[in-house]
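Protein chains in written order, with our numbering: chain A, 1 to 376; chain B, 1 to 376; chain C, 1 to 405; chain D, 1 to 405.
Read the hints as simulated data drawn from the structure, not as lab findings.
Keep in mind that the hints are not guaranteed to be accurate.
Unchecked claim - Derived SDA-like pairs (lysine to any residue); straight-line CA-CA distance at most 25 Å:
# : chain 1 : residue 1 : chain 2 : residue 2
1 : C       : Lys317    : C       : Glu87
2 : A       : Lys40     : C       : Gln46
3 : D       : Lys334    : B       : Thr341
Here the structure is a predicted model, which is why all the values come from computation and not from measurement.
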Amino acid sequence: MTRTANLSIEFSDEQAMILASAKDFCRDKSDINAVRALLKSDTGFNSDVWNEMIALGWTGLYLPEQHGGSEMGIGATIPLVESMGRHLLSTPFISSTIAAQAIMRGGSEEQQAKWLPALAKGAIGTMALLDNEDWGATDTSCLLSTEGNNFTLQGKKLLVNDAAVADFFVVLTKYQDSIALVVVEATQLANNAISNRTLVDETKRAANVDFTGVTIESAAILAKGAEILPDVRLIGALLIAAEATGCAAAALDTVVDYLTTRKQFGRLIGSYQSLKHPTVEILIQMDSARTLIYHAATLIGDGKLSEDTEIACRMAKAQAAEALSFAGDRAVQFHGGMGFTYDCDAMLYIRRAQWSQHQYGDPQHHRKLLASLLLD
Amino acid sequence: MTRTANLSIEFSDEQAMILASAKDFCRDKSDINAVRALLKSDTGFNSDVWNEMIALGWTGLYLPEQHGGSEMGIGATIPLVESMGRHLLSTPFISSTIAAQAIMRGGSEEQQAKWLPALAKGAIGTMALLDNEDWGATDTSCLLSTEGNNFTLQGKKLLVNDAAVADFFVVLTKYQDSIALVVVEATQLANNAISNRTLVDETKRAANVDFTGVTIESAAILAKGAEILPDVRLIGALLIAAEATGCAAAALDTVVDYLTTRKQFGRLIGSYQSLKHPTVEILIQMDSARTLIYHAATLIGDGKLSEDTEIACRMAKAQAAEALSFAGDRAVQFHGGMGFTYDCDAMLYIRRAQWSQHQYGDPQHHRKLLASLLLD
Amino acid sequence: MTEHQGIESGELSDFRKGVADWIKHNTPADPGFLLPQTFMEVGSEQVLSFLREWQHKVWSSGYLGMAWPKEYGGGGMPRIFQQIADEEMKKARVPICFNVIGLGWAGPLIIDTGTDFEKETYLKGILSGEDIWCQGFSEPNHGSDLGSIQTRAERDDNEYIINGSKIWTTMGNYAKYMILLARTDSQAERRYNGLSFFLAPMDAKGITTSPIQKLTGDYGFTETFFDDVRIPASCLMGEEGHGWRIAMQTLQYERGAEAGAAGGVAILSTVMNDLLRIAKDVQRDGEPLMQDPVTRDNLVKFLIEEQALYLAENRVKIPALCADYPNSVALSTKLRGTEFFRRMRQYALTLQGASSALYVGDEDAVEGGFWQRAYMNNFSTTIGGGTSQIQANIIGEHVLGLPKD
Amino acid sequence: MTEHQGIESGELSDFRKGVADWIKHNTPADPGFLLPQTFMEVGSEQVLSFLREWQHKVWSSGYLGMAWPKEYGGGGMPRIFQQIADEEMKKARVPICFNVIGLGWAGPLIIDTGTDFEKETYLKGILSGEDIWCQGFSEPNHGSDLGSIQTRAERDDNEYIINGSKIWTTMGNYAKYMILLARTDSQAERRYNGLSFFLAPMDAKGITTSPIQKLTGDYGFTETFFDDVRIPASCLMGEEGHGWRIAMQTLQYERGAEAGAAGGVAILSTVMNDLLRIAKDVQRDGEPLMQDPVTRDNLVKFLIEEQALYLAENRVKIPALCADYPNSVALSTKLRGTEFFRRMRQYALTLQGASSALYVGDEDAVEGGFWQRAYMNNFSTTIGGGTSQIQANIIGEHVLGLPKD
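With the hints as constraints, model all of the structure from the sequences given.
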């Protein structure tokens with residue numbers, strides 16, 4: 001890092017208002033009973049709540065005004081997503097936001113005009129990226145081939161988030177040896193194309209999606225797909241980081257609650273340093289993650305992401321995932337026998353940690369890329 | 001590790017006797033005042049104590065009977081060296097042992113007959129290996145060139161242990177693109193060839209030695225130098241590991257002493273879990289190191305070292321160095337203000353940790369090589 | 001294989017071959033669901049009947065209870081044979097013999113100290129798997145401090161009346177018998193002296209069980225409630241007030257079970273080799289993960305820790321090498337082992353990449369979601385039987401002599 | 001550079017250029033010995049006279065005490081100028097202005113609350129470096145709990161008689177004055193109310209100092225003994241019994257010193273960039289260490305931690321982002337910062353390979369042995385001012401609301 005470190009954090013009054021209203025909304029709409037009630041549900045979210053979010057304009061927060069958005073920039077969603085994480089409020093918001101960013105950044109005027117207004121109104125989009133377990137893969141085995149004016153897809157995508165409720169998919173594919181992103185509408189899929197997964201995080205939903213045989217027009221190929229894909233991945237990483245940070249804070253709250261009420265051997269257990277000090281460590285890890293996500297939210301703009309922004313996003317994801325893994329693990333342990341039960345909320349955090357860790361690249365992946373940015 | 005792990009630990013009655021007498025000897029001869037009295041001395045050791053060790057036969061413990069040794073194998077020195085580490089008893093024992101192993105394993109009959117009897121009687125040998133800071137270097141810039149029957153050395157060796165008192169040096173050099181080990185007697189060195197170093201560990205002594213211009217006969221080139229060098233390095237690593245393990249145990253004793261006598265806020269400080277639990281961690285780390293050094297001592301023989309032995313030596317060094325680094329660091333911290341003074345013995349351990357860490361390769365170096373042995 | 005008193009080593013190696021051969025022909029096919037790694041994970045009828053059938057097969061083939069008395073269903077053979085059978089079964093990773101409280105705790109206790117009536121009544125059912133046993137020591141809110149047991153057993157003529165509740169009862173909802181520790185004398189000067197030990201029938205009127213759902217989503221334990229439960233006085237084991245002593249003796253057998261006295265492998269062990277298997281199959285950043293140097297460094301750290309852990313058991317046999325802290329290895333093994341496995345299993349998930357999000361029941365999950373479940377189940381070992389934090393206190397105080405909190 | 005009230009930004013940027021230019025022409029040559037990183041490391045006459053000369057030069061060139069009153073040797077200028085001068089000096093890594101207790105603690109206190117006599121007597125000597133100041137708060141066996149101070153000051157007519165001892169007195173053997181906290185009323189109901197604050201002459205009869213050798217082998221602190229020491233009553237600062245209050249006020253200035261109110265850079269900061277320099281120059285296993293992936297992963301971990309630490313200072317300015325634990329950043333900065341540096345400096349030694357065995361004074365030592373000494377000196381920050389263990393308690397209790405031990 002011979003470069004001078006970029007240390008800016010800014011937060012507008014508008015963002016503060018969004019944060020305040022998001023905190024209230026998520027607390028009200030997603031108390032722990034509401035969360036648990038959705039665990040076994042099909043979609044994993046409450047459509048009334050989702051509709052309210054749409055009505056609040058959150059799905060258009062970062063979209064251009066001309067397409068029905070309020071053009072506040074993707075950074076403005078960070079306080080929203082952090083709050084959702086804090087209350088384990090699951091909706092397709094993150095999936096949709098990333099897909100919308102792909103279209104906003106990579107689509108032509110026509111493509112933007114076609115899909116963005118629908119997204120602002122709450123249509124659900126999602127990215128279909130993975131061919132296998134490797135988030136860091138630089139190639140894809142999902143191929144796009146052409147015959148006359150028609151393009152045909154060949155391949156299956158793994159662990160597509162919110163696939164079952166998605167209105168369309170932004171699919172990573174390869175056309176004539178080049179990476180391309182194509183938009184596939186749910187209606188184009190074959191029967192049985194979607195195969196739901198059983199996830200360790202029961203608040204989340206994902207499926208494998210088989211796109212084999214789907215035929216698209218050239219208008220469905222994003223104009224600048226290959227060019228903007230790295231930025232879309234970074235935005236994905238940052239959103240997951242924000243959600244994980246919120247969830248780590250929730251785990252911390254749960255631990256603090258237990259440590260200040262549960263007695264053993266006649267003492268509140270929070271008085272034992274072997275519990276107190278690691279709990280402080282959760283705070284510090286979570287706090288670091290929070291600092292880094294808002295730094296990234298400050299730097300990120302609608303144009304091509306700068307190197308500083310890339311550094312910020314990768315640091316945020318690496319730190320947030322580590323923080324949540326640690327918090328979830330300790331939350332179970334520190335609840336003792338209670339922590340070993342499904343009834344204890346620590347279970348929700350340790351499972352979320354497994355989910356968040358790898359989404360859009362795990363900490364080791366991001367550190368490896370940071371090394372190239374910072375050390376060479 | 002598809003291989004079945006070798007889990008043998010054996011310890012003969014003879015070894016137990018050596019251990020018992022080594023413990024007593026080191027305790028008696030090297031109490032902490034004796035250690036401190038030597039810190040600023042020229043040689044760093046008490047020659048009376050060294051002579052007693054020679055008289056006890058320790059310098060010949062592993063040497064062939066025909067050369068004045070008792071042929072108990074190099075493994076028999078591990079309890080000795082661990083005890084020395086435990087009492088910070090510094091002598092040229094380790095340096096001499098490694099050099100003697102080089103000659104025993106790599107020398108011809110004649111070469112063994114020339115140097116081993118002297119070593120058994122307490123002559124001091126030492127290895128001259130380093131061209132720079134890299135213990136893992138696979139090449140050397142110290143060259144041996146020939147003109148007629150004479151061989152001339154060109155190059156300086158860094159951080160040669162106990163150089164100032166050495167009777168001879170086993171020098172790593174390159175002859176016609178091949179690695180060679182040559183024996184240089186101290187009398188052959190130029191004036192000012194030895195330049196003493198200032199070490200962070202004041203119980204140790206080392207110097208840079210310039211061999212440039214030293215002329216040797218072919219009889220001074222070890223017959224199988226290149227072949228046995230890897231084994232000699234492993235033996236070096238194991239001896240340092242044994243010493244570091246002993247030193248970690250000493251650091252533990254010192255910490256336990258303080259924690260069971262010092263009061264703060266009206267309580268013995270050892271009752272605080274933030275001190276108690278990391279102290280348990282020191283015990284566990286030290287205990288693991290001890291297990292691993294005696295496992296390696298069990299496997300190691302006089303012949304070419306097996307792959308199991310290599311694994312054992314590298315694991316021992318990696319673990320012992322980590323254990324001592326942790327113990328030394330915590331020993332200072334847990335003594336509070338007292339730990340910040342030169343009068344506190346924690347100072348001795350944290351400094352020794354810096355010294356031990358890199359000798360014959362640091363933990364990361366050994367883990368890297370273990371990865372090839374265990375994972376590929 | 002070293003020779004055993006009175007047994008020719010040839011006989012033993014022939015026997016070993018026979019076991020291996022039997023295993024080869026009798027190991028059940030993959031049932032299509034993830035089998036439990038320990039007996040504390042038997043959470044469904046499906047799993048139960050599978051394991052019951054397997055245990056019955058092992059026993060009826062002569063490889064379980066080999067050292068138990070012949071007249072009560074055992075083999076009457078030297079223990080070494082059971083040890084060999086267990087070793088081979090462990091190596092082949094066959095399913096566990098699940099009736100562990102019976103095989104490892106109640107059975108040996110009854111054999112050693114039971115009456116003929118007790119032997120006659122209980123032993124054979126334990127071996128066959130017909131009679132499942134559970135353990136009733138822990139109580140809600142009292143962790144593992146047995147001294148503070150509140151469940152009462154009052155003598156009433158030829159019966160005891162039991163009131164109270166137990167928690168973490170393994171297979172409480174399937175068990176026929178419970179080894180039950182209850183307080184018969186609330187006035188006893190030393191609280192441990194007021195306890196008695198019962199072999200209690202779980203079908204007695206007034207016993208209800210409530211399955212506990214674990215964080216894994218599975219079952220395996222119950223909470224067990226006693227509401228004026230009347231059991232025959234003959235259920236008392238030994239004498240009144242000797243409960244604590246008997247419980248301690250029972251806990252000693254745990255090791256015996258592992259060592260083969262009862263037989264049957266109670267834990268399907270995972271080792272680093274299993275972890276390495278994952279790293280070999282996975283891609284990361286477009287390359288095989290096993291080639292990644294950071295991953296390699298982490299794996300080697302675990303391998304060193306594992307090696308030190310296993311070797312410690314051999315070092316401890318050499319007192320000269322344990323002179324300064326003689327009970328260090330014994331008292332630290334639980335903390336070291338359970339925390340090692342916790343970290344190792346958590347690390348296994350980081351190796352899996354995107355697949356780590358999958359869970360038991362998903363056909364794409366790595367090894368059926370084994371590691372996800374194992375990581376979470378592992379907390380039973382870092383929490384149960386004294387949390388890791390309490391273990392660290394025990395080591396600090398009893399090995400190093402540090403003052404109590 | 002943002003505009004400052006009443007000062008044109010052009011003036012400031014011109015000034016900044018002037019400072020940089022001055023530094024370029026006036027930075028002293030390498031003295032041939034390792035200079036201290038903090039004022040707590042002034043352990044020899046040689047170092048002392050070098051630093052004294054440097055501070056005098058900075059002051060006489062108008063770059064120290066720039067905001068102090070003109071009539072007492074200061075510059076009478078707005079603070080922003082001193083801040084700029086400090087920034088430039090920090091960037092250029094010139095030697096420290098070593099008289100920190102005077103510049104950062106006693107001086108500001110005297111300027112704010114002192115009498116004209118006190119200002120006249122003390123201020124100029126602080127700036128010139130002629131009068132070295134030390135601090136007498138800590139006492140042996142009482143750590144940093146000022147409430148339990150035992151050193152007594154008894155009024156006797158026009159004098160106070162001091163008895164007791166202080167520890168960790170910075171430059172106690174070189175200082176002319178001490179800011180001294182002593183107990184004037186041992187009967188005070190609240191123990192903090194019995195303390196008074198003195199500006200005590202160190203040459204008074206009965207004061208002896210005993211240098212403390214640090215684990216680094218260097219000096220920098222003394223133990224200071226008071227044996228019936230008589231000092232004029234005029235040495236009392238403020239009123240009797242107000243000592244605690246004044247001491248707390250004094251501690252507040254510490255930040256001010258860093259921020260430039262007094263001026264002079266008290267700490268020569270090291271950052272990750274300095275660490276990376278080592279990794280760039282070193283070979284490991286025959287390759288440049290900087291290419292080693294494990295090392296790279298470790299370095300990036302440190303870089304993330306550093307970045308989060310520095311950014312926290314900016315986040316805390318935005319209350320909305322600190323709503324749930326408002327004092328979390330403030331109360332955890334010491335623990336995070338000092339422990340980060342401890343680990344970072346320890347890691348620096350692992351990077352050095354064989355050279356890590358060398359120490360200050362060896363010509364081959366990496367950067368003169370700076371890192372070896374810095375690692376050991378760093379313990380003054382994880383121990384002094386409340387150990388890291390106590391810091392963790394403070395955060396747990398005051399940020400998270402966890403119960404006291």
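Need the list of violated hint numbers for this structure, in ascending order. none
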